[in-house]
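Asker: Residues per chain, in single letters:
2 protein chains.
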Amino acid sequence: MSDAKKQGWEITAEERDALYKIIFSRRDVRGQFLSDPIDDSVLSRILYAAHHAPSVGFMQPWNFILIRSQEVRKKIHTAFTKAHKEAAEMFSQEKQEIYKGLKLEGILESAVNICVTCDTSRSGPVVIGRTHIDTMDSYSSVCAIENLWLAARAEGLGLGWVSIIDEAELKKILQIPEHVIPVGYLCLGKVSHFWEKPELESAGWLPRIELEKLVNFEYWEGKPAKEHDSFVKQLKEDADFPLTAE
Amino acid sequence: MSDAKKQGWEITAEERDALYKIIFSRRDVRGQFLSDPIDDSVLSRILYAAHHAPSVGFMQPWNFILIRSQEVRKKIHTAFTKAHKEAAEMFSQEKQEIYKGLKLEGILESAVNICVTCDTSRSGPVVIGRTHIDTMDSYSSVCAIENLWLAARAEGLGLGWVSIIDEAELKKILQIPEHVIPVGYLCLGKVSHFWEKPELESAGWLPRIELEKLVNFEYWEGKPAKEHDSFVKQLKEDADFPLTAE
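In order, the protein sequences belong to chains G and Y.
The numbering of the first sequence is numbering that gives the first Met the number 0, which starts it at 0 and goes up by one.
The numbering of the second sequence is numbering that gives the first Met the number 0, which starts it at 0 and goes up by one.
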């Protein structure tokens, strides 16, 4: 009997498949939020999932600022609108038309907004694993966001990440000090439905890239050698694996 | 009937609990790797999970460099060893002793190494959602890493993130061009067992922070108001929720 079994931590095939189903049906939600409140117990579970993300040197650099105040949200929404207009100007004429038609946030209508931060000073100046790559601490907060996102999906809730906003403006509104990075500004809530595919894929903005084009061997431009034939064949065969909708 | 149900995408309570079990039992594995190979079908599924991470503007900026060559791994290991020595010097005398006793990577003994990158030029110069926050593309690659990590755990495999390495050195060894960021260098493989708790927690390096200390309301230092009483109570009650081992 393995240690994993002894610990009651062996993952069954059904549990494994549940993870894949949740991963493949997770969406970046913007336009389908309902105003219904979220149960305390659900929000609590989701935050524990985030808190158990991996973190560099176990520093747990995250905070979770829960924003329900409409006054604060309106300030955030104003900052978003300003950035959104600036962004539109950056696209080519053709893309601009599609861009302007996209709904890209649910700040005011979702049940709650959550700003996930990274406190770079947490646990002192020297952190195991951050000694050579400075960004490792904010990467930990991103892992927390992905855990939170998957847990939300598992609870039937939608989540959208708002990144079209000036960071300095966001910090000012939320009174975030210099040494803290607002890594992600999230909208969370019940939804009318989840899209079958990512919205930008459905809207024809960009296609899903074939996975085998993104896999390299031994180094950056390394092509598959003869010994990789069976693996590359498997990758191609699994192209429809992510389509779990019944 | 909700759209989620119609799509066959409603998540059951059992499926939700499976996600939490996987999240809470995920570990950063360094010292428990076995050399057994990974099945093609398992590695393929794990990479699909990574490929279905959220990405800013649906740019899918990631590549997955699979490294099996012992020659390449030895170069990486040499670069790690150099950085590791430099890092040790940075800690206080007391912490240095613990630090030196920690095994922090499984580069040579894991079944495969995977470098997950971020191609900042993918899908052109202007990306929806990256117009105001430059780091959003590498954050997408981090989300892919977290998906990959959870999928690995669900398949019974261990994963460790090696971040004690000079980035320029890593790019040189793997021939990664200027515009591509090596976001994470991962070791993946079968393991003898998973630790009951994170190693750095068990080693007394740092304690797990109480979640309620990391939750703020409306702004950075916002304390809970009267209306948040029931939620804060719930957070405290759920303190033992993550302990899923039976």
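It is worth saying that the hints were derived from the structure and are not from the lab.
One or more hints might be untrue.
What the hints assert, rightly or not - When the alpha-carbon atoms are kept at most 25 Å apart in a straight line, the in silico DSS-like pairs for lysine-lysine are as follows: (1) G:Lys73 - Y:Lys225; (2) Y:Lys73 - G:Lys170; (3) G:Lys222 - Y:Lys74; (4) G:Lys171 - Y:Lys73; (5) G:Lys222 - Y:Lys212; (6) Y:Lys73 - G:Lys225; (7) G:Lys189 - Y:Lys232; (8) G:Lys170 - Y:Lys222; (9) G:Lys171 - Y:Lys212.
Said to hold, decoys possible - Cβ-Cβ distance ranges computed for the label pairs, FRET-style: (10) G:Thr80 - Y:Ile97: 47 to 53 Å; (11) Y:Ala224 - G:Ser40: 16 to 22 Å; (12) G:Glu220 - Y:Pro223: 51 to 57 Å; (13) Y:Ser34 - G:Lys232: 20 to 26 Å; (14) G:Lys102 - Y:Val231: 30 to 36 Å; (15) G:Thr77 - Y:Pro223: 45 to 51 Å; (16) G:Leu33 - Y:Lys94: 34 to 40 Å; (17) G:Lys99 - Y:Ile97: 21 to 27 Å; (18) G:Ser229 - Y:Glu220: 18 to 24 Å; (19) G:Leu107 - Y:Gly123: 28 to 34 Å; (20) G:Lys99 - Y:Ala87: 50 to 56 Å.
Remember, it's a predicted structure, so these values are computed and weren't measured experimentally.
Glycine included, C-beta positions come from ideal geometry on N, C-alpha and C.
Asker: The structure should be examined with respect to each hint, and the outcome stated for every one.
Answerer: Evaluated hints:
1. Restraint check: the Cα-Cα separation between lysine 73 of chain G and lysine 225 of chain Y comes to about 23 Å, which is no more than 25 Å; the hinted pair holds.
2. Among the hinted pairs, lysine 73 of chain Y with lysine 170 of chain G is inconsistent with the structure: their alpha-carbon atoms are about 43 Å apart, more than 25 Å.
3. Proposed proximity of lysine 222 of chain G and lysine 74 of chain Y is supported: the alpha carbons are some 20 Å apart, at most 25 Å.
4. Taking the CA atoms of lysine 171 of chain G and lysine 73 of chain Y, the gap is about 47 Å. The hint is violated against a cut of 25 Å.
5. Distance check on the hinted pair: lysine 222 of chain G and lysine 212 of chain Y sit about 49 Å apart at the alpha-carbon level, beyond 25 Å; violated.
6. At most 25 Å may separate the alpha-carbon atoms for a hinted pair to count; lysine 73 of chain Y and lysine 225 of chain G meet this at roughly 23 Å.
7. As the CA atoms of lysine 189 of chain G and lysine 232 of chain Y are separated by approximately 23 Å, the hinted pair is consistent with the 25 Å bound.
8. A hinted pair counts as satisfied when its Cα atoms are at most 25 Å apart, and lysine 170 of chain G with lysine 222 of chain Y qualifies at roughly 17 Å.
9. Distance check on the hinted pair: lysine 171 of chain G and lysine 212 of chain Y sit about 22 Å apart at the alpha-carbon level, within 25 Å; holds.
10. Between threonine 80 of chain G and isoleucine 97 of chain Y the C-beta distance comes to about 50 Å, which sits within the given range of 47 to 53 Å.
11. Roughly 20 Å separates the CB atoms of alanine 224 of chain Y and serine 40 of chain G, a value that falls within the hinted 16 to 22 Å.
12. At about 53 Å, the CB distance of glutamate 220 of chain G to proline 223 of chain Y agrees with the hint of 51 to 57 Å.
13. Hint check: serine 34 of chain Y to lysine 232 of chain G, Cβ distance near 24 Å, so the stated range 20 to 26 Å holds.
14. Distance hint check: the CB atoms of lysine 102 of chain G and valine 231 of chain Y are about 33 Å apart, consistent with the given range 30 to 36 Å.
15. Evaluation of the 45 to 51 Å hint for threonine 77 of chain G and proline 223 of chain Y yields a failure: the beta carbon distance comes to about 26 Å.
16. Between leucine 33 of chain G and lysine 94 of chain Y the beta carbons are some 49 Å apart, a value that contradicts the proposed interval 34 to 40 Å.
17. The hinted window of 21 to 27 Å between lysine 99 of chain G and isoleucine 97 of chain Y is violated, with their beta carbons roughly 56 Å apart.
18. One distance hint, 18 to 24 Å for the beta-carbon pair serine 229 of chain G and glutamate 220 of chain Y, is violated here, with the actual separation near 56 Å.
19. The given range of 28 to 34 Å is respected by leucine 107 of chain G and glycine 123 of chain Y, whose C-beta atoms sit roughly 31 Å from each other.
20. A C-beta distance of roughly 54 Å is found between lysine 99 of chain G and alanine 87 of chain Y, which places it inside the suggested range of 50 to 56 Å.
Violated hints for the displayed structure, listed by number in ascending order: 2, 4, 5, 15, 16, 17 and 18.
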